[in-house]
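Following the hints, position chains F, E and R against chain V.
As you go down the protein sequences, you meet chains V, F, E and R in turn.
Numbering-wise (numbering that gives the first Met the number 0), the first sequence opens with residue 0 and increments by one.
Numbering-wise (numbering that gives the first Met the number 0), the second sequence opens with residue 0 and increments by one.
Numbering-wise (numbering that gives the first Met the number 0), the third sequence opens with residue 0 and increments by one.
Numbering-wise (numbering that gives the first Met the number 0), the fourth sequence opens with residue 0 and increments by one.
Read the hints as simulated data drawn from the structure, not as lab findings.
C-beta: ideal position from N, C-alpha, C; glycine also.
Do not take every clue at face value.
Computed list of lysine-lysine pairs in DSSO-like fashion (alpha-carbon distance at most 30 Å, straight line) [claimed, not checked]: (1) E:Lys471 / R:Lys51; (2) F:Lys151 / R:Lys400; (3) R:Lys400 / V:Lys14; (4) E:Lys138 / E:Lys1; (5) V:Lys403 / R:Lys14.
Footprint (simulated), chain V over chain F, 3 or more residues, beta carbon under 8 Å [what the hints assert, rightly or not]: (6) 365–371; (7) 458–464.
Protein chains: 4
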Amino acid sequence: MKTAQEYLESLKQLKPKVYLNGEKVDSILKNPVTKTVVDAMAKIYEMAQDPKYENIMTAYSPYINEKINRCLHIFQSVQDLEKRVEMAILTSQVLGTCNYRCPGCDALNALASVTYEMDKKLGTNYNKRFVEYLKWVQKNDLACSGSLTDAKGDRSKRPKEQDPDMYIHVVEKGDDGIVVRGARVHQSGSIAAHEHIILPGITFRKGEEEYAVAFAVPNGTKGLTYICQYTPEDAERLHTEDTYHLGNPIYGVRETCMMIFDDVFIPWERVFMCGEVEFTRHMWSRFARIHRMSCGGACKVGFGDLMIGAAQTMAEYLGVAEAYHIREKIIEMVKINETLHACALAAALKGTEEPEGSGVYLPDRMYSNIAKLNCADGFWKLMALLGDIVGGLAVTMPSEKELKNPDTSEYIKKYLKAAVPAEKRMRMTKFIQNWSAGLHGVGTWHGAGSTQTQRLEIYRTVDLEEKKELAKKLAGIKD
Amino acid sequence: MKTAQEYLESLKQLKPKVYLNGEKVDSILKNPVTKTVVDAMAKIYEMAQDPKYENIMTAYSPYINEKINRCLHIFQSVQDLEKRVEMAILTSQVLGTCNYRCPGCDALNALASVTYEMDKKLGTNYNKRFVEYLKWVQKNDLACSGSLTDAKGDRSKRPKEQDPDMYIHVVEKGDDGIVVRGARVHQSGSIAAHEHIILPGITFRKGEEEYAVAFAVPNGTKGLTYICQYTPEDAERLHTEDTYHLGNPIYGVRETCMMIFDDVFIPWERVFMCGEVEFTRHMWSRFARIHRMSCGGACKVGFGDLMIGAAQTMAEYLGVAEAYHIREKIIEMVKINETLHACALAAALKGTEEPEGSGVYLPDRMYSNIAKLNCADGFWKLMALLGDIVGGLAVTMPSEKELKNPDTSEYIKKYLKAAVPAEKRMRMTKFIQNWSAGLHGVGTWHGAGSTQTQRLEIYRTVDLEEKKELAKKLAGIKD
Amino acid sequence: MKTAQEYLESLKQLKPKVYLNGEKVDSILKNPVTKTVVDAMAKIYEMAQDPKYENIMTAYSPYINEKINRCLHIFQSVQDLEKRVEMAILTSQVLGTCNYRCPGCDALNALASVTYEMDKKLGTNYNKRFVEYLKWVQKNDLACSGSLTDAKGDRSKRPKEQDPDMYIHVVEKGDDGIVVRGARVHQSGSIAAHEHIILPGITFRKGEEEYAVAFAVPNGTKGLTYICQYTPEDAERLHTEDTYHLGNPIYGVRETCMMIFDDVFIPWERVFMCGEVEFTRHMWSRFARIHRMSCGGACKVGFGDLMIGAAQTMAEYLGVAEAYHIREKIIEMVKINETLHACALAAALKGTEEPEGSGVYLPDRMYSNIAKLNCADGFWKLMALLGDIVGGLAVTMPSEKELKNPDTSEYIKKYLKAAVPAEKRMRMTKFIQNWSAGLHGVGTWHGAGSTQTQRLEIYRTVDLEEKKELAKKLAGIKD
Amino acid sequence: MKTAQEYLESLKQLKPKVYLNGEKVDSILKNPVTKTVVDAMAKIYEMAQDPKYENIMTAYSPYINEKINRCLHIFQSVQDLEKRVEMAILTSQVLGTCNYRCPGCDALNALASVTYEMDKKLGTNYNKRFVEYLKWVQKNDLACSGSLTDAKGDRSKRPKEQDPDMYIHVVEKGDDGIVVRGARVHQSGSIAAHEHIILPGITFRKGEEEYAVAFAVPNGTKGLTYICQYTPEDAERLHTEDTYHLGNPIYGVRETCMMIFDDVFIPWERVFMCGEVEFTRHMWSRFARIHRMSCGGACKVGFGDLMIGAAQTMAEYLGVAEAYHIREKIIEMVKINETLHACALAAALKGTEEPEGSGVYLPDRMYSNIAKLNCADGFWKLMALLGDIVGGLAVTMPSEKELKNPDTSEYIKKYLKAAVPAEKRMRMTKFIQNWSAGLHGVGTWHGAGSTQTQRLEIYRTVDLEEKKELAKKLAGIKD
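The shape of chain V in the complex, shown without the other chains (with noise of 0.2 Å):
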C-alpha cells in the first residue's frame, strides 16, 4: 500500500486540465483550495497506514491476497459492509468532509456484482475483465472516484431528445477501444483520483444502447477537463492568509468539480459495459444501494458526530449546557443521527451475495434507501439545532482576524469571552458555521440521489402483495 507521501509523489505525475473561478489550476498540490482535497485524499492513504485504523481502513484481498486499502475492497461478508459502514463513519469524523473514495470504492462493487450477472446471462467476458482491472488498481493502491451523474440537461426529454450529448455516450466503436463523450457533474475529489470509475447514472432504454455504457479512465487522459465548483467558501479559502481561520481548517467543504469527456478514448480492457440497456437499471441501482447506506447512515453519521461534539462544547462554552431545553436538543441530535446510523447497520447486517454465486456482498435494498431518505430529512434538523445552540454569532462573528488587530482585539477578547476566552469561542463558532450555515443541507439532500429517487426505490422493493394479505386474513377477507 501507498503511503501518504508516495500518493503525494504519484499525484505530480498527473497533469488533469483543471478550471477553478475562470483561471487554471497551475497545480492542484498548491491551490488552496484544490489543495484540501489532495489533503484530505492523502490523510486517508496515512490513515491505511495507521495501527490503530488498520481493522477499519484495510481489508485482505481474496483477489490479489494482500492486505489493501479498504476503499478498493470488493465485500465479502456481512462484516465487510459493517466495515465499510464504519469505515466512512471514522473519515468524516476525522476529515469533517468528504474522504472522496467512497463513490469509487461503491462503483468497483457494483461493477463486481454487476459484470458478474451480465457474462453469466449474457456470456459476456467483462467480469473477467473487470477483475484484471479491480487487480491491477489494488495491486498499486490507486485511488479511485466513481461517477454516475450526467449533465441531464432538460429533464423532461429523454438523451435523444435533446443534445445528445447531455448523457455521456459511446460516439465511436474501434478494435481497440471505443471513444465517449459527455459530461459528468458534482464529481467529488476525481481531479486528485488516479483513476475513474465511470457508471450510467439512470435506466436506459432500448434504443439508447449508446448510452449503456461503463468504464475506467485514467486522471488527466486526453479530452478530460475538470471545471471545478466555486462557493464562498471557495472564496473565502482562496482568500485567506490564514486557513486557521477557516472553518474546517485543513480540509474545507467536500470539493467537486464538472469533468467533461471531449471525445475521450477507451481501450476494450477499461469497458465494463457498453450497449447492454437491460443492465443499467441494475448498474446504478446496485450502487445506490451501496452508496445510500455509506453516505446516508455512516458518512453523515461522522459528520452528525462533529455537530453533536461541537453543540456540547459550544453549549458548555456558552454556560448553557445544563438547560433542560439545550439538553432536549443534544438528545435529539444524537436521535436522527443515531436512526441513521441503525438504518445503515440493518441494512449492512442484512445484506446478502448478489447475485449468488458471485461472492460480492451487496447491503440491503429497502435499509439502504431508508438510511439516505432519513438522513436527507434528518441533516437539515442536526443543521437547525445545531445552529439553535450556537446562536446568532455563528452568522454574525468578526473575523478571527480582529484578534490580531491593534483597533479591535482588545474588544473582541473581552465582549466575546463566555465561560471561555474569546479565541476558543469564536474557533468553536466559525467551526459551526461551516456546518449549519453552509453548503451541507443542499449537498446532504442531493448526495447519493435526491430523495424522490429513494422513495421510488422503496415503492419498487416492498412486498405490499404480502402485507395485503396479512391484513385481509386478519379482517377475514376472502378473494
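Chains F, E and R in isolation, oriented as in the chain V frame:
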C-alpha cells in the same frame, strides 16, 4: 411444549378474581372480552407447534436441554435477539394485537442478566433461585406475564411521601417468604397467564429498600385481584352478536388490567431481588432495553405491515391505488415502518453479552431506545396516513348489520360498493377503523415507557466527551 | 327565534326513517345515540337565546330585518366572517362535539354567492328563488344541514362510467320540479335538522349536466332514508346505564349518517342549480373556502382548547405540571392550536365580497385552505401530545362503574388516586380518551375535504408568475 | 422626506469607526461589503418616494402632521400594523436581504408604548422626551437602527456575577447625561444608520438598576466602534470583480456588526429609561411582540416569495415543473410561507392599543410570537425544499466567470444548458445558493430571538385556567 388445547385446559384450573365493567367475570374463557386474550395466547401455543413457524417461535434451551417456546428463552447470542425481533413481528402480523408474552419474556431475560450480576457483586444467590424457577416454567411451558408499572399516585412525590402502597413493596419478611402490597397498572393479558414476573419499575434510592423487590407469583394467588380495562371497543364487543363485525374479529384490541396485590405472600424461592436498591436501575433499564426493541421496532412493525397492507387494499378497492399522492403515502408508511425495523435490527445485531460471563445477550441500549422513540412518533403518523387513505368512512360507516337489514341492505350494497362489493369495502374499512381511530396511538406511545424515559436513556448512553474531542480536534482547539 | 324547547317540539313533527346498528330508530329524541345530536342542536338554540352569547350566536339579517341565529346568516362583512370563526370556537368549547350547523350555514352562503353570479352571467333566477327560501328559513329559525359528499363508488371512474347513482343526479324533470337519486355520506346531524341543503361536491363536466344540481329538501321527505354510523363509541353509549361514564357525557361524538335519495321530488322553488356544470366548481370551492375556515381554524380550535385544558388539568392531577417536558408539550399544543386560529382569523379578516355587488363576503381562499391543511396534521399532533400527558391509563382504565362495585371500589379509589381523588382523575382520563383514542384524527383529517383537495386549491390560488418575476428581477435575469 | 441621494450625502458626514476582516473600513460607501448596506438603505429612501409604493412605504405622522417614512411611524391602528406587515414583505421581495430599518421602527414603537406607561405609573417624563426625539427623527427623516442583544458572556451568570460590562449599563450619571459601557452583537446595518435606539434586552431585577437603560445615540458618537461580521459570503464579495456573479448581486446578505460602547456619553434628553428594572420586561417584550410579527410573518414571507419564485423558475428551467413531486413541493413551500403570513396578519389585525390611552397599537402577543416560532422551523423547511428542487448544482456549480474563460466557456454553455441557456440556469442557481446554502437558516432562527424565548412568551400569554374550566365543565367535574 403445551398444545393450544392443553393451554386452554390449564386455564380451567386457574381461579383468578377478574372484574370487568363493574362486574365479576365468571369465566375468562367465555366472556367475549377476556376470551380475546385467551384466544391470542392459545394461538401462540399453536404457532409454536406449527412446523412453518418452528424456527421463529421455538428455541433450544441450554437450561433444560429441550426445545422450548421462544417466549421463555434466554437470549444466547445476537442471532437469538434477531429471532426475538422476528417473533414479535410475526405474532403481530398474525394476531393484529398483543401476543401478551413479550413483557414476560423480556422480564425473564432482565432477571437472568441482573441476578447474575447481583450474585457476582453482592454474593447473593438470586441467580440460582432464578434459574431453578426458569427451568420449571420452561419445563412446564407456562405463559408468563411481565410487570413493571406501579400505580404511582402523585408523581411529584417519592413513594414514602404519599400513600406508601402506590408502589409495590414488601410489608412483611418471614422465614418462608415475603408479603407484598401495591398495584400494577397496564397489565397486558395477565388474566390468562400462568405466572406473573414482577420487577421494580423505577430507580429506588437508599431508604426505599422495601420497594426494591422482584418476584414471580402464580395467577390467582390469594390476595390478587384483576380489574380489567373498559374501552368503547370493549363495549362494542360485549354487545355484538357477530364478532365478524368488529375491527379485529377474533383477537380484538390489547386487553389489560390493573392487578391488585392485597398482601400477597411470596415464598423465598420466587424472590429475585429484595432490598438491593442499587440494582433497581439495572432491572428496569435492562428490561426496557429489551422491550423497547421488541415493542418499538418489532411488534409495531408487524402492526405497521397490517396497516400498509390495509392501506394498499383499500386504495385498490376505491380505485385510487395509482394516484401519485396515494402512492407517496404508501411509500411514507413503508419508510416509517422499516425505519423502526432497522432500529430493532441494529439493536439486536449489535447486542452484547451483559454482564460478561452471564451468557445473556442484551440488545444495544442506544438503538433499542431509539427504536421505541421513533416508534412513538411514527405510529401516530402511520395511523394518520392510513386514515387519510381509507377516507372518512372509517369513522362514519354504518354497522355491517345493515347488510342483513331488509330496509337498508340494498341501499348499503348499492352505495357502499366501490371497485369491490360493499361487503368487502365495509369489512376492510372496519378493520382500518381499529387501527386509525381507536386505542393504538396512545397505547403505542406509552407501551415500553413514555418517550421522555427513552430520551433520558439516550442521554445516559451517548458518549458526548468523545464527540467533543472529535470536534475540537478538527477545529484546532486544544484544551 | 326558536327556543330550545320549541326546537324539540318541532322535531316531534318530523318522521324521518332512521336506522342505526341494523335497526329502526323509533324516536331520535329517545335513542341514546341520536339523542346526542338532538341535545347538541337544542343547545345551539339555547345559546342563541342566552344574552351572554348574543353577540356571537345571533346576527341581524338584512333579508328579513330581524335578529336571527347566526347559523342562518349570510356574511355581510369581514366582521361577520370573524364572528363566524368565534361562533365555531365557542360551540366547540361548549359541546365538545359537532354543532351540526356549520355545513348548513356555509352551504347557504355558498348559494348566496354562486346563485348571484349565475343569475348575472346566465340570466337565470336562482338567486331570487334562493333568497325567498332563505327568508323562510330565517323567519322560521330552521336548522339546516349541508351536504356535498357523494357515495362516489370507484373513484377512478367518472359518474357515467359506473353505476350512475353514485353521485346525486336528476333522474326526471317536470313542470313542478325535479326528481333526484343518489346518496350522501358523512351527513353530520342531518337526522335532527329541519332542512338539508344539497350542493354538488365535485367539478362536473360538459355531458354531466344532470349531476350539476343544488337544492333544499325537508327532513323526512318521501324517498329519504337515513342510515346512521355505528362506532365503538356508539356501542358504548347504547349500552351504558350512566352516560356520566362516557367521554363526552351529554353530547358524545360527532354522529353522522348516510342519506339515501330514492327518487326524491324537489319542487322548482327549492332548486338552486340544475345543469350549469360550469358553476359546479364555484359551488363546492366557495363552500369549501368558508367551511375550511370554520372547520380547520375554528371548530377544531375550540376542541383544541378543551384538549389543552384537559392536558393541563391532568398534569396537575398527576403532579407533573411543573416538569419541563410537560410544560413544553403544553406550549406545543398551544402553538399548534393558535396557528390554526391565526389562519382562520387571516381568512376572515382578509375576506372579500364575492362576487362584487353580491353583498356576500367570503373568506380569503388561500388562508382558509391553509387553515384546514394545517389542522389535519396539527390535530393528530394535539392528540398525540394529549395522549402523552394523560398516560397509558387513557386506554387501559377500568370502567367508572367499578367505583360502585363493592368488590373493587376500594381498590380503585386507593390505587387510581393521584394529587386528586380517583373519581376526578378517572373522569378526566375518560374525557381525554374521547379526544386522543377515538374518532377525531380521521374525522378531522377528512372533514371539509381530504388534504389533497386543499393542496390543489392552494396551487390554484397562488400567483407563481408574480413570484417568479420577483426572483428573476433580483437575480438579474431578463426574459 | 429625504431622497436616496440625500441619504447618501448625509452618510458622508458620518465618521463611524468601522472594522471588517481585521482592517479599518475607510468608506462604508465604497467597501464592497458595507456598500450593500448603504445601497439597501438608500433603496428604502427611494421606495418611499416612489408613488407606486407610497401607500405602503409612507404614513401620516400625527406627531408632526406630515407624511413620513413608515419606518419611523408609531402605529395608530390595526391598519397601521397591517401596513407594517406589508412593508416588511415588500422590502424583502425587492431587496432579498434585510432592509435594516425594522428593529429601529419596532424599538421606537416599544418606547412610545412603554415610556407612556412609565410616566403614568411612575410620574417620570420619559414619554415627553421620547416624543421630542421622535419628532426630530421624523422631521429629519433619519434612519434608525434598533438594538437589544448584549454580549452576555457566560449565560449561566447574572450581569454582576461576571464581567459587569457583558450587558450595557450606566457607569456614570451626571447632570447632563449618563455614560454607558458594554457591547451589542448582531447589529443589522447600524453602520449606515443615523441613529441607534438602544433598549434593554432581558428582564433585569432589583439590584441591577444600572442595566435598566434605554437611549438613542447618533452614529459615530465618541466611544462607539463597529466591528463587522465576516462570512464566506463577505469574502466572496470582497474578492469578486463582478458582483453580478454573486447570489444577491446588489444587496448581498444581511450585514451586521458588533457595536462597542466604550464609555459613551448620552445626554438626558436622549435617555428613555434609567433604572426602572420593573419595566425592562415590558421594553423587550413589547419590542419582541412587534418584531416577531414583522420578522417572522412578514420579512421572511417576502424572502419566501423569492424562494418560491426561484423554485418554480428553476423547475421550469430544468423541465420538471410538471412532475407531481415537484408540484407538491411548491405547494408545501406556499403552505409554509402563507402560514407565517397568516400568523402575522392575525397579529396585526387583532392588535390592541397598549397601554390604553397611549394611542399606540401593538400586535397581538400570542400570534406574533407564534409567527416567529413557526418561521424558525418553517424557514429551514423552505430552504430544504428549494434546495431539493434546484439540485446539487446549487453547491457544486463552477463560477459564472467560466462563461468568459476561453478554455471552458463552450463546455459550460453546452453542458449546463437545460430548457434555457446555461447563463440563465447558472444565474438562478447562484441566486438559489444564496437562499439554501448559506446564512439564512441560522439567521432566521435567531433573528427576533431564539425559539425558546417565543415558547416562554406563549406560555406567559395563554390562559390555561380558562381552558381547564371548559374541559372540566364538559367532563362533569366540579371543583
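Hint check:
1. With a C-alpha separation of about 20 Å, the suggested pair E:Lys471 and R:Lys51 falls inside the 30 Å cut-off, and the hint holds.
2. Proximity of F:Lys151 to R:Lys400 is assessed by CA-CA distance (about 70 Å); at most 30 Å being required, the pair is judged violated.
3. Between the alpha carbons of R:Lys400 and V:Lys14 the distance comes to roughly 23 Å, so the proposed pair stays at or under 30 Å and holds.
4. About 10 Å separates the Cα atoms of E:Lys138 and E:Lys1, which keeps this hinted pair within 30 Å; it holds.
5. Between V:Lys403 and R:Lys14 the CA atoms are separated by roughly 23 Å; this keeps the pair inside 30 Å, and the hint holds.
6. Residue count for the stretch 365–371 of chain F with a Cβ under 8 Å from a Cβ of chain V: 4. That meets the three needed, and the coverage hint holds.
7. Check on the stretch 458–464 of chain F: 3 of its residues sit with their Cβ under 8 Å from a Cβ of chain V, so the three-residue criterion for coverage holds.
Violated hint for the displayed structure: number 2, the only one.
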